[in-house]
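Residues per chain, in single letters:
Number of protein chains: 2
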Amino acid sequence: MNDDLILLGHGSGGKLSHQLLDELIIPNLSGVPAAGQNDAALLNIGGVKLAFTTDSYVVDPIFFPGGNIGDLAVNGTVNDLAMMGARPLCLSVGFILEEGFLKSELARIVISMREAADAAGVAIVTGDTKVVPRGKGDRIFINTSGIGAVEHSLSINGAAARVGDKVIVNGCIGDHGIAVLSAREGLEIDSGIKSDSAPLNGLVTELLPLGDALHVLRDPTRGGVATTLKEIALQSGVTVKLSEENLPVNAGVKGVCSILGLDPLYVANEGKLLALVAPERAGEALAIMRRHPLGKDAAVIGEVTESSAGRVVMETMVGGVRGVEMLAGEQLPRIC
Amino acid sequence: MNDDLILLGHGSGGKLSHQLLDELIIPNLSGVPAAGQNDAALLNIGGVKLAFTTDSYVVDPIFFPGGNIGDLAVNGTVNDLAMMGARPLCLSVGFILEEGFLKSELARIVISMREAADAAGVAIVTGDTKVVPRGKGDRIFINTSGIGAVEHSLSINGAAARVGDKVIVNGCIGDHGIAVLSAREGLEIDSGIKSDSAPLNGLVTELLPLGDALHVLRDPTRGGVATTLKEIALQSGVTVKLSEENLPVNAGVKGVCSILGLDPLYVANEGKLLALVAPERAGEALAIMRRHPLGKDAAVIGEVTESSAGRVVMETMVGGVRGVEMLAGEQLPRIC
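Top line first, the protein sequences correspond to chains W and L.
The UniProt record's numbering puts the first residue of the first sequence at 1, with every later residue one more than the last.
The UniProt record's numbering puts the first residue of the second sequence at 1, with every later residue one more than the last.
Worth flagging that the hints you see were computed from the coordinates, not collected in a lab.
It is possible that some hints are incorrect.
What the hints assert, rightly or not - What the simulated footprint calls covered on chain L by chain W, stretch by stretch (three residues with Cβ under 8 angstroms from a Cβ of chain W suffice, anywhere in the stretch; the number is not a length):
#, stretch
1, 18 to 27
2, 38 to 44
3, 79 to 93
4, 98 to 111
5, 141 to 153
What you are looking at is a predicted structure, and each value in this text was computed from that prediction instead of being measured.
Glycine included, every Cβ here is placed at the ideal spot set by N, Cα and C.
Using the sequences provided together with the hints, build the complete structure.
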């Protein structure tokens, strides 16, 4: 295979994405710091601390159970800001439309964006629209970039995990990826699974009073919980041990995954966060989540067991322990 | 024709783009203020004044005389910030790659982005990469969003033109559009025309001491000088009178335009700005531009003649006067 080609897997959020970033993009674009591995960049402008992030959305299909590309583009960027503990303030939106796309569908998407922005309490303040000829795009791609205010002095980032930290997730994993896949394959009626697409900034606001006990926040989107935890383990230089038994997974997602041979640990989420919290405050963190509408199925799914080169292992239901690596190749392309 | 279809012209920056924005996007996305008609949104965050803007780049071909999609994406967003009188600080970058695109070409583009960012004095601080299947994209699309610091208290915007203002352009018009068109049609050797893609923030810094005499700054990209002036005339409720004789146009651009039946007034620029300046300081503004490397061919091309519903007229070389409207349809699709 020609080693010079971009593959679908380079967009998976997994191992190939990291290689492309680490070997090609970051070295050549020296302005991007290694901290680009966090969900947003931190800026200090005139004494005001801001978070700044960008994401492009190319999900296929553009309408799926639980959402569409528009609200996904708002929630995804809101969540990247929230994962820095920032209060999302405003978004930009860039549309790339394919000639022949329907204005009526664009209107539905734009309305969803406004509703999602209202729900998250952010304003969409600037935008751009381009059109490419038929066959040179795929209906609609959306970029959203966002600015948030960092109003705390905590160091919440992927390198801050410490031995003893509990790994908490705010609910069932894999819903978004399986909802999109089901819609793409025409399985939505059978599975009944909806995307979990939601803004997490409200939940993060509730967690911030945990203060220094709140070490890492990260939303497990492309590449799923497995890839996100592996990133954290590598950034922090720790080992994370997961408990398969404690992973919350909806029955429908389990069913589709077992039929298609997918592992929910690698399936994308769009309304989930992983919080790594010092053990003495973990119970409190769990209680905060469970009181929140987006956290009623929250669970402690693992802990940081030792300080060593970044590893993730999982205690399986049958009592064994297996290594967990980043997503290799693409499990589900174009999931966001 | 089905009125529900998105047309290439909706991305032209001209009349159809304005219709789409005014009739579909803005009403449904209520967060976007009418001030979205300026090149960037103005924000006040914690007492710090910022400009925020976004643009997606879909230029075809991606490499053209004088630049490529990468430096274009940096310069274009830097310029949108500069047109608010803001000092560009940092950019985000979002890549949408087509499966099978060459990593070696991506590397060339990324290196150009770094060089352009260095030249403009901005940092690229955050990014995202997506990959779409073969045939669902077109090699590479790039979104850049940018944040700039507004360190003046002037009201530089499209609604600030006043009767008597001189319209000054910093050099020859139409180079970018004709360079891209020539590359697309294989005419580059014949025409010898290069894109004018350049960062205008340095030139704007020189102009800011004009203070209250500096009314409008706008870069005439998609839709060209004609469309941009019509926008300004409408926003300010004035009539702008252009002098065809004084329009600086390179001989090569004139030649290609006359062969292909194009009007340089509607051709995109990527290193040009229009400044509307109070008459008493216009000579000084012109002198500032001519001393700057990006302004040696600067010229006064018109003036604001009366306060009335937004009109642009042009005194032609043969002595007549004709109305100048926004670009209708698409003259040159995918020019940026």
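Here is how each hint holds up against the structure:
With 4 residues bearing a CB less than 8 angstroms from a CB of chain W, the stretch 18 to 27 of chain L meets the requirement of three and the coverage assertion stands. Residues of the stretch 38 to 44 of chain L with a Cβ under 8 angstroms from some Cβ of chain W number 3, which satisfies the need for three, so the listed coverage holds. Only residues whose C-beta sits within less than 8 angstroms of a C-beta in chain W count toward coverage, and the stretch 79 to 93 of chain L has 4 of them, enough to reach three; the restraint holds. Residues of the stretch 98 to 111 of chain L with a Cβ under 8 angstroms from some Cβ of chain W number 11, which satisfies the need for three, so the listed coverage holds.
Given as covered by chain W, the stretch 141 to 153 of chain L passes the check, having 5 residues with a CB less than 8 angstroms from a CB of that chain where 3 are the minimum.
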